[in-house]
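J.: Sequence:
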Amino acid sequence: MNIIHDVIEVDTGPGIGIYDITPDIRIRLQRSDVANGMVVMTSRHTTTALAINEFEERLVADIKTFFTGLVPADRPYLHNDIHLRDCPPDEPENAHSHLIAMLLSQSELIPLVQGELQLGRWQSVLFMELDGPRKRSINLQLWGN
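Remember, my numbering sits 1094 above the position in the sequence shown when you count from 1.
In case anyone wonders, no lab produced these hints; they're calculated from the structure.
Below 25 Å or equal to it, Euclidean Cα-Cα: the simulated SDA-like pairs (lysine to any residue) are:
| id | residue 1 | residue 2 |
| --- | --- | --- |
| 1 | K1158 | L1144 |
| 2 | K1158 | G1107 |
| 3 | K1158 | S1231 |
| 4 | K1158 | K1229 |
| 5 | K1158 | R1138 |
| 6 | K1158 | G1111 |
| 7 | K1158 | G1109 |
| 8 | K1229 | L1123 |
| 9 | K1158 | E1103 |
| 10 | K1158 | D1105 |
| 11 | K1229 | D1105 |
| 12 | K1158 | G1214 |
| 13 | K1229 | T1106 |
| 14 | K1229 | M1196 |
| 15 | K1229 | T1136 |
| 16 | K1229 | E1202 |
| 17 | K1158 | L1198 |
| 18 | K1229 | D1114 |
| 19 | K1158 | H1192 |
| 20 | K1229 | L1198 |
| 21 | K1229 | Q1200 |
| 22 | K1229 | P1186 |
| 23 | K1229 | E1150 |
| 24 | K1229 | A1189 |
| 25 | K1229 | N1188 |
| 26 | K1229 | E1148 |
| 27 | K1158 | R1169 |
| 28 | K1158 | T1106 |
| 29 | K1229 | H1099 |
| 30 | K1229 | T1116 |
| 31 | K1229 | E1187 |
| 32 | K1229 | P1108 |
| 33 | K1229 | A1145 |
Construct the complete structure from the given sequences, taking the supplied hints into account.
T.: Here it is in structure tokens:
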């Protein structure tokens, strides 16, 4: 069995952003010699998440609206009391981003058959930035033969 490690980097925009990283994963699959196995992705940040869903413009807008309605940024979160914490002076008030991330997943696992991700017709791998803009990293491992 082969295990190949790679990193996908995403430069995100401000606030909440949803990015389709499926093409990035497919490029890495094409470069590898793994045809059958698993693809494992893990976000390396506490204010991001991964999901498998449809990447459609209006749904993306709905997701952002849902997140901001569920966990509004302007609530009085204790984590946002920056002056009471030991942190850098440029630390953002981002408790809402941490809370949204906790409701989601930090990783995804997708079967790989004959070099193809086993996703449904409308499914994509979505990377969700909850506290942008930032430079983000997603660990990617291909397992198989």
